[in-house]
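J.: The primary structure of each chain is shown beneath.
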Amino acid sequence: MALLEIDQLSVAFDTEGDTVTVVDRVGFDVEAGETLGIVGESGCGKSVTALTIMGLLPKPSGRVQGGDIRFRGESLPNLPPERMRDIRGNRIAMIFQEPMTALNPVHRIGRQLAETYALHQADLPDEAVYRRTLGLLEQVGIPAPEQRLREYPHQLSGGMRQRVMIAIALASKPDILIADEPTTALDVTIQAQILELLRELQRETGMAIIFITHDLGVIAELCSRVVVMYAGRVAEQAPIEQLFAHPVHPYTRGLLASIPRLEDEPKTMLTTIPGVVPSIEELPSGCRFANRCPYVKDLCNRDAPELLAASQGHQVACHRWREVDAVALEKWGS
Amino acid sequence: MTSYFIRRFLLIIPTFIGVTILVFTLTRLVPGGPIERMLSEAALASAGETSTVSDYDGRGGSMLSDEQLADLEAYYGFDKPVVVGYFEWLGKVLVLDLGRSTRYNDPVWETIRDRLPVSIFYGVCTLIITYGVCIPLGIYKAIRHKSVFDNLTSAVVFAGYAIPNYVVAIFLLTAFAANLEWFPLGGFVSDDFADFTLMEKIADLFNHAALPLIAYVAGSFAFTTMLMKNSLMDNLAAEYVRTAVAKGLDFRRAIFGHAFRNSLIPIATSFGNNISLIITGSFLIEKIFNIDGFGLLGFESLVERDYPVVMGILVISALLFLIGNILSDICVAIVDPRVKFGSGESGQ
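Chains as they are written, first to last, in the working numbering: chain A, 3 to 336; chain B, 27 to 374.
A couple of the hints might just be wrong.
If the Cβ cut is set under 8 Å, some of the chain A residues that face chain B in the computed set are [unchecked claim]: (1) M56; (2) L58; (3) D88; (4) G91; (5) M96; (6) F98; (7) A104; (8) N106; (9) V108; (10) E117; (11) T118; (12) H122; (13) H156.
Calculated directly from the structure, the hints in this document are not laboratory data.
For glycine and all other residues, C-beta sits at the position ideal for the given N, C-alpha and C.
Isolated chain B (complex conformation) (with noise of 0.2 Å):
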């Protein structure tokens, strides 16, 4: 089993190595790749002038010197060949030197560097908020299958599931920021954050995160809800469940000593990837309700072509995509004994 995670470990590398090939070959290749947007703002901005696009040596100037130009082509390895190129790229990668933000002109990992608490805050009040509710509900849903109770949850699940996320975040930004006033509009935290209380912190922290978080888990709910009720009923139909009884076990011992466990598999199944898609974030979510979060980052620099940020979230999201199925992997052995990882016999 260990070994079987230490190889898992292992083959991110390859993996991650592929990841960045082809991104590096989307600056080469790409048009519109970043030394050409560079160049051609720079064209436009010097368009008084005579110039033409092919006539491009920087002169315009007003926005690429030939310094910069210089820069990033040497950071893209443009001066070299594309083999040599690519090493020195990903050298630089390796130690977090993603180069800098056409936009910012910030190094790009401190620009996602700054998202990053707030993508993990949203990222991990949505999961426990998905799986605090999901599982307890699943159960009970579960145990009073067909009842008054599961079909009117069953609608609210689904409702929410089918409202795609963005409308649910203006309806409440309309409804509770905008008429009410009950919730701020937007941000993250308050301007004047720095001189609250630690309780005052939390509670502005809140208070702003309320209804973004409903905005990301309501429709978050079908999925594991329907996952767990329907594992659970399989699990609970099933033969074991019935020597459970034969035992002379009560139905509530059946099901938390029995039944849990083993329609937790499914679940543990989703849950490294639910991680890395969490952390990545909602970029609409985060633009209705202003959050500088990942999502938005990445969204924002997709827009305005700012190649070093786009690539650089892409590797950071692979990166975190490979550890997710990993860390899938690693649930599904500590809740099912029947997968032995890489001892002759396949897991799955």
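Looking at chain A on its own, in the form it has when it is part of the complex (with noise of 0.2 Å):
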């Protein structure tokens, strides 16, 4: 049994009379220790995911329409608030795209992170609290913690704040750390520190880590297995290495094409995906990615492909990847 099972899940968002299905029956599972990443353009659903599992996602508009979460073998979506709460920043932790506004900006520092304590490890005295909480900031190589302890976050550069949002997130020792996009919004040396900083702490406390990003760079540094979703489903799911050498799905394929390379010609077009995301209002009833597909037939726009194991621990969703896949390798051997 896996650590973390998402099984099926749909979730759905009521808009003006109007239900929405923003992430259909994803499925993939959290191995203990692993990093997985999640990889998708904005709007795919891996954020809703992400809410999903932490059970935060904005009532009473957003709810879990079908399938299950499942940690430990228990039922997530099923459990009463009180348990949620034991699991919610205690077991599975989160942190967030924004650290310039994901840190309460009227208390200070020391006084957010001891609140995790008081929540989940509220025996503990003061002074033993005082000391992990310095003892995180240190962690997560924060300089003169004492002096940080005090202070807000306004104080605080950006890299800084994301790193008191780790300790935060590390403070109770969770299984999983979830990471919604937690370097998008530092520059590119902060966004290196961080992603370092997240490998030495997985390597530490063993923790899982499910790491979402619509950068796949950043997913080649950091994890071993990857899901890459396309409009609310997921369009492919395989260990690292193989999804990059031997992509099958032809929405990730785009994906690796459309990264530059240093041994390209300068000065040369990008190489884009044509076409834009259905929007979520009209989604195609058959494959979501069938009007940017180059390989596209009638059944893709009739049915929904479902996800098929391509070879061991590869899968992926779509009719015709066979017959892509040997056109590829046509290409390649040529």
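Starting from the two chains in their separate frames, assemble the complex, guided by the hints.
T.: What follows is the structure in structure tokens.
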């Protein structure tokens, strides 16, 4: 049994007189200690999936429509709120995209760090809480931690704040850390530092990380397995080397082809995937990538493809992946 | 921070001097100023005789004697050059010698001082009721956004806001004082107040105060309640509240431990202004309920052209307003640690 199992999860939002399914039968597992990447463009449902795991869907508009999330075999969507609060922030922690707004501006860093202990380890004496919060700040690489504990978020830089967020998430030594685009708002050097920090912390604590991003480069650096999402569905799922070496879904191919490479001819057009993601109100009944796919056939517009095994640990949702794969192999061969 | 507030308090001085210059200029420039008014009154009184307005050396004199005229001229420094006159007048204002009311012939400061307890009582009560109702109501409305309770209370507070307070006052007076006779018709306390025991005094005070207070606060709920509600809703949607919930906090603790203090920031901004506005009162409500407060005094002095009192009130209101602004700043600084006045980075 995997640590976390997402099983055919569907999430719907109620809009004005309408219900839209933003996450459609998404399924993947997270093993203890691994780093799973979820990649996809804005609005593909990756953040909603993460929020659903945490039970943080905006209420009352968002709800789990179908499927299940099991943490150590326990179904999270069906847990009573008190039990869910024990897991949230304690066994599963989360960090967010915007470190500038994710901390409460009117409370000191120390207080925001200590809050996790007050919630999940209420019997810990104040002195021990102080020492631990200090230790956490040191662990996430914040210089002069004694001073930082007394400071307010606005006195810290973006990178420092994201480190504080990570420290808060680490406070209760969670089994899973969900990182929702934690480096997107940071500049590249800070981004590299934060990724390095996450990798180090994972080595020390053995926690699993679900890393959500739209940046394939970041995924390549950090993750052992990748889930590629497109328009609310899983398009492809594979170990990292497999995905980069041998992508089979046309969307994944398009994504990888659009990464600029150093050996590319300078000042040429970047490769892009033509077309746009179908809007959430008018999703096609068939394959959601059909309108942008170079290999599209009638079948693709008619039926939604199931997620099927392409090889060991490699799954793809495409009717024509074998043919596409064959074409690609031929091209490579020539 | 402390240095900022010291500077702010010191800045009251030049601002206050500016105010006094304006007020003093008024007495010099405005037609119908204090001297002319008295003179014309004197002229009117002596109209039976053959004198004209230009022919005023106070000989008609039933209203104004030579001596009074000289007093008046001396007080405003009309007998001296402008600048000298101004500084002499300013010196008197600083020791609260605001001249004599031409209507009551009492020192202006005493006239104002007598009204202050009434105004402060109503001011403080209004303030307590307004914030005591608006903050909890705003919180509850934010949590129950779009519920029946939310819509209903919105309708009520906006109705109160839309109806002018003197209309509310007249309605209350006719319904509950004149027809039902539940409350007295007006006044601050009963005539035999002095003979009452303490409990009777308190009961009497609030018996008289009930209707005017309702009239005062009826329109004041909308602003602060909606400010509180919207600001709390903004903050509840903020990311740091999501962080707090992600730590495992329940909704109630996320609201009161995190969102609440942040949503007080806009409320704190308007707090000081409310203090100064409320102490100056509303002359219409005071008129309707026959309460001898600041507002009524100002209104009557204006109508009666009792300039020394008008100027005294102007000067004191300006001072209250300046202090109110600083109070706002202090409130904001208490609630919001990001506000660091005066250490290079500006707060607002």
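J.: H156/A was flagged as interface toward chain B. Is the shortest Cβ-Cβ separation under 8 Å?
T.: 5 Å, holds
J.: Mind checking the CB of M56/A against every CB in chain B and telling me if the closest is under 8 Å?
T.: Hint holds; M56/A Cβ to chain B Cβ min 6 Å, cut 8 Å.
J.: If you take the shortest Cβ to Cβ gap from N106/A to chain B, is it below 8 Å?
T.: This interface hint holds because 4 Å falls under the 8 Å limit.
J.: A closest beta-carbon separation below 8 Å is what the hint needs, so does H122/A meet it against chain B?
T.: With Cβ-Cβ at 6 Å, under 8 Å, it holds.
J.: Per the CB criterion, is G91/A less than 8 Å away from chain B?
T.: Since chain B brings a Cβ to about 3 Å from G91/A, closer than 8 Å, the hint holds.
J.: Go through the hint on A104/A and say holds or violated, using the shortest Cβ distance to chain B against 8 Å.
T.: Holds, about 5 Å.
J.: Double-check T118/A for me: the hint is only fine if its C-beta lies closer than 8 Å to a C-beta in chain B.
T.: Since the shortest Cβ distance to chain B is 5 Å, the answer is holds.
J.: Against chain B, is D88/A within 8 Å by beta-carbon distance?
T.: 7 Å, holds
J.: May I ask you to test the interface hint for M96/A with respect to chain B, counting a Cβ-Cβ separation under 8 Å as satisfied?
T.: 5 Å, holds
J.: With a cut-off of 8 Å on the beta carbons, see whether F98/A makes it to chain B.
T.: This interface hint holds because 6 Å falls under the 8 Å limit.
J.: Holds or violated: is there a CB of chain B closer than 8 Å to the CB of E117/A?
T.: 6 Å, holds
J.: Closer than 8 Å between Cβ atoms is the bar; does L58/A clear it against chain B? Give me holds or violated.
T.: 6 Å, holds
Of the numbered hints listed earlier, not one is contradicted by the structure.
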